[in-house]
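Line by line, the protein sequences give chains A and B.
Here our numbering runs 1315 ahead of the position in the first sequence, where the first position is 1.
Here our numbering runs 146 ahead of the position in the second sequence, where the first position is 1.
I should point out that these hints are in silico values taken from the structure, not numbers from a laboratory.
All clues stand as given, with none of them false.
One side of the interface only, derived from the structure: several residues of chain B facing chain A at Cβ under 7 Å: (1) L189; (2) R190; (3) R540.
Computed from a prediction, not measured in an experiment: that's the story for all the values here.
Positions of the beta carbon are idealized from the N, C-alpha and C atoms, including for glycine.
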Amino acid sequence: MAPLATVTATPGSRDRLELLYRAARDDVYAYVATMLGDRSSAEDVTALAFERAFRRWRLFNARRGSERAWLFGIARNAALDELRRRRRSAALARDAADERSSVHDDVEQILQRAVLRSALLSLTPRERELIALKFHGGLSNVDIARVLRVSESNAGTQLHRAIQKLRRTCDGLA
Amino acid sequence: MAWRERDPLSELARSELAVVDAALRGDALPAEHAELAELALLLREDRPRPQARFAGALDREVDRRVHREPVRSAPRVDGPARWRRWLAEPVPRAAGAVVLTALIAVGAFALIGGERHRGGAQSARHEAFAHGGSPAQPVGEASEARAGTHLSASKGVAREFAQPSVASPAAAPAGRSVEQTATLQLGVSRKQIASTGQQVFTIVNSFHGYVQQSSTTSGSAQEGGASFQLRVPSSSISGTLAALSQLGRVLSETNTTSDVTEQLSSLQRSLGSARAERAALIAQIAHTSERSSVEALRGRLRGVDARIAGLQTSLRSLSSQVATTPISLTLTGEAPAQASSSGDLTPGGAVRDAGEILSTALAVLLIALAATLPVALALALAWSAITTARRRQREQTLDLEA
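From just these sequences and the hints, can you work out the full model?
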């Protein structure tokens, strides 16, 4: 995935949208998957988010934030709609199995990841979303603030609190 | 949602977030931040990753949409594009639809209003005709009217007068003698009463007629006016009326015809009998020798001569009435704008008409906006409420998940 900023394309063009997709596909999926907790729904919601992004690309306004923040805003709405839909119907079981572990990981790394995932699950959904936007989505604090429609300082404070809580939980679990 | 409250960023938070950003960028960090940096990298490294099957399918779909589908207008940063983008958003789009509907309504109202305006003017003219005391009768019927009956015709539009076949009195059938009269009432701008009066003289002279009597009132604040008693050759009545009707807005017109053929024949027969009687009396006088008889015959001859003279006078008068037609013309002073709406295509009239249409359209536009503004506001409020409610519901989803 090439970083969006390093690729030249006319702002607002279809090429630019394609570049945005190439740069953000995995990040959007990671954020949505963390929000929803199961791979199948994450794939559906990720595809839906990009479908909406392609449809609404001409509405994008650079003065309201970066393209990446705009895309994650769409993905967030789609993910929240999916969560609401789940609550109305039957709640789906979260995927227990995860393909993130590699056979090449050593035991210590596997343990670290297990602790981290357990700590993540102990966070509230809002805190988990902040962690997902920052570390899985790769958003800056400014973009996180745009996505959540809060001020940058507010977003930073809440993110810092979530990280602190995650650190404390990891320490406790370790 | 307490986490949304204003919460200034502390120095500790600022520095630790800077460490996180530096770690994610791959910058070298002091050992004191190693634990936080390791957590950041582990979180980034341990993020969920899409399966190759899904990523490949999504790539193909994106490739199809980017390279094969027709590209819709992409956003640009210049002015017009910004407007297009703004108009493409839901609320402005709804507002645009409302404004467009209002404009269509304005156009329709303007058209209908214009028709009503013209229709109203026509009705007013017919009304004026009715006040003239002559019975209204369709033009078609007038043209089909038989000689010997009274005929009236009314026309509301001056342009119709320019077509003699429609507007002129019925032509006298061959071999028949018809006496005609015409009454014409025109609306003329008050300022043009005097000049229009001069034009009446010119027109009548050009048709070899004459003005028997005229009376002009102008220059006062009240409605000015003029009246004319004209007499023109009957053969020129159609052209004369057509020319006169071009001088202003036709308020009413009455044409009357009366077949006097029998009356004329009767006079001619009586005159012939009288002349024969006179000739017989002269012959009797020539063959009579008795003085008393001659005096009696001469007395009868004087009576016959007087009767012949009377018949000749009546015959000349009737022939004159058939040969020339009296026209009673009235010019009524009107306000300039009212007088101009006669349909004449002069530049001044067109400018005035355009001004009237624009002012009418503006009035209708204001009415339409006044009517649609509450609807637009209600739609905007409803849209805003729906958007806000949907956003709250989404945010509540995370709270409920907790």
